[in-house]
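Taken in sequence, the protein lines are chains A and B. Counting in the numbering used here, the first sequence runs from 13 upward without gaps. Counting in the numbering used here, the second sequence runs from 71 upward without gaps.
Certain hints may be false.
Listed next, the in silico EDC-like pairs over lysine to aspartate or glutamate satisfying Cα-Cα at most 20 Å (straight line) [what the hints assert, rightly or not]:
1. B:K84 - B:D96
2. A:K64 - B:D96
3. B:K127 - B:D96
4. A:K113 - B:E149
5. A:K64 - A:E88
6. A:K80 - B:D108
7. A:K113 - A:E81
8. B:K79 - B:D126
9. A:K64 - A:E75
10. A:K64 - B:E122
11. A:K72 - A:E27
12. B:K79 - B:E172
13. B:K84 - B:E129
14. A:K80 - A:D96
15. A:K89 - A:E27
16. A:K72 - A:E54
17. A:K72 - B:D126
18. B:K79 - A:E75
19. A:K113 - A:E75
20. A:K68 - A:E54
21. A:K80 - A:E28
22. A:K113 - B:E165
23. B:K84 - B:E149
24. A:K89 - A:D67
25. B:K79 - B:E165
26. A:K72 - B:E172
27. B:K141 - B:D126
28. A:K68 - B:E122
29. A:K113 - B:E122
30. B:K141 - B:D108
Think of the hints as simulated: they come from the structure by calculation, not from any bench. These figures come from a predicted structure and were not determined experimentally.
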Amino acid sequence: GNSVTQMEGPVTLSEEAFLTINCTYTATGYPSLFWYVQYPGEGLQLLLKATKADDKGSNKGFEATYRKETTSFHLEKGSVQVSDSAVYFCALLNYGGATNKLIFGTGTLLAVQP
Amino acid sequence: NAGVTQTPKFQVLKTGQSMTLQCAQDMNHNSMYWYRQDPGMGLRLIYYSASEGTTDKGEVPNGYNVSRLNKREFSLRLESAAPSQTSVYFCASSEASAGYNEQFFGPGTRLTVL
């Protein structure tokens, strides 16, 4: 079946450090891939997406490239800020039949210290 | 534009009590979803409604019922709450459930069952 595996957190970084959060997936066919972010006390927000192999999603300085050969979609940011502290979820959407469902990873907590 | 709203924000129940979580969206979306979020498990789909008048089970439907009251509203009911249902519940909506369609999330309801 479809599944998403993310690195466990928490990830603790100093401001301006480089961020990588690893995400790998298992799926049949050609899923779309997403990163969602959840700030403290809020719901999830879509951060970026990629719908086909080799696509790069980007938003707010974050990037992730859809790598079909390694079934990965790692999240990166060159210089994190305190305001990036949140939980990050990798997710996939696989097309099948009349209804598609999002499959989420377990989430990775990022804490950025000043 | 409120997006997806949920009530209540917090709730404490005793085992065996019942309650209904309310969700409404003002984006004219066809599809709505209920997820639960538990530590170390990411988000899991409880029920979804692909369109007004239809509902289907997700990954973890046991102990829950849903009602798609109209296009805007999708409620989740716990008939006899159990401690295992202590969780954070998120409602989401999307334009349609088939094809690529971003899901928009509400702020969540934190439920504790004693």
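The hints, checked one at a time:
no. : hint            : verdict
1   : B:K84 - B:D96   : 32 Å, violated
2   : A:K64 - B:D96   : 30 Å, violated
3   : B:K127 - B:D96  : 24 Å, violated
4   : A:K113 - B:E149 : 25 Å, violated
5   : A:K64 - A:E88   : 18 Å, holds
6   : A:K80 - B:D108  : 29 Å, violated
7   : A:K113 - A:E81  : 23 Å, violated
8   : B:K79 - B:D126  : 25 Å, violated
9   : A:K64 - A:E75   : 15 Å, holds
10  : A:K64 - B:E122  : 30 Å, violated
11  : A:K72 - A:E27   : 15 Å, holds
12  : B:K79 - B:E172  : 24 Å, violated
13  : B:K84 - B:E129  : 25 Å, violated
14  : A:K80 - A:D96   : 27 Å, violated
15  : A:K89 - A:E27   : 12 Å, holds
16  : A:K72 - A:E54   : 18 Å, holds
17  : A:K72 - B:D126  : 36 Å, violated
18  : B:K79 - A:E75   : 32 Å, violated
19  : A:K113 - A:E75  : 23 Å, violated
20  : A:K68 - A:E54   : 26 Å, violated
21  : A:K80 - A:E28   : 30 Å, violated
22  : A:K113 - B:E165 : 13 Å, holds
23  : B:K84 - B:E149  : 12 Å, holds
24  : A:K89 - A:D67   : 17 Å, holds
25  : B:K79 - B:E165  : 25 Å, violated
26  : A:K72 - B:E172  : 18 Å, holds
27  : B:K141 - B:D126 : 15 Å, holds
28  : A:K68 - B:E122  : 35 Å, violated
29  : A:K113 - B:E122 : 17 Å, holds
30  : B:K141 - B:D108 : 28 Å, violated
Going down the numbered hints, you'll see the structure goes against 1, 2, 3, 4, 6, 7, 8, 10, 12, 13, 14, 17, 18, 19, 20, 21, 25, 28, 30, while the others check out.
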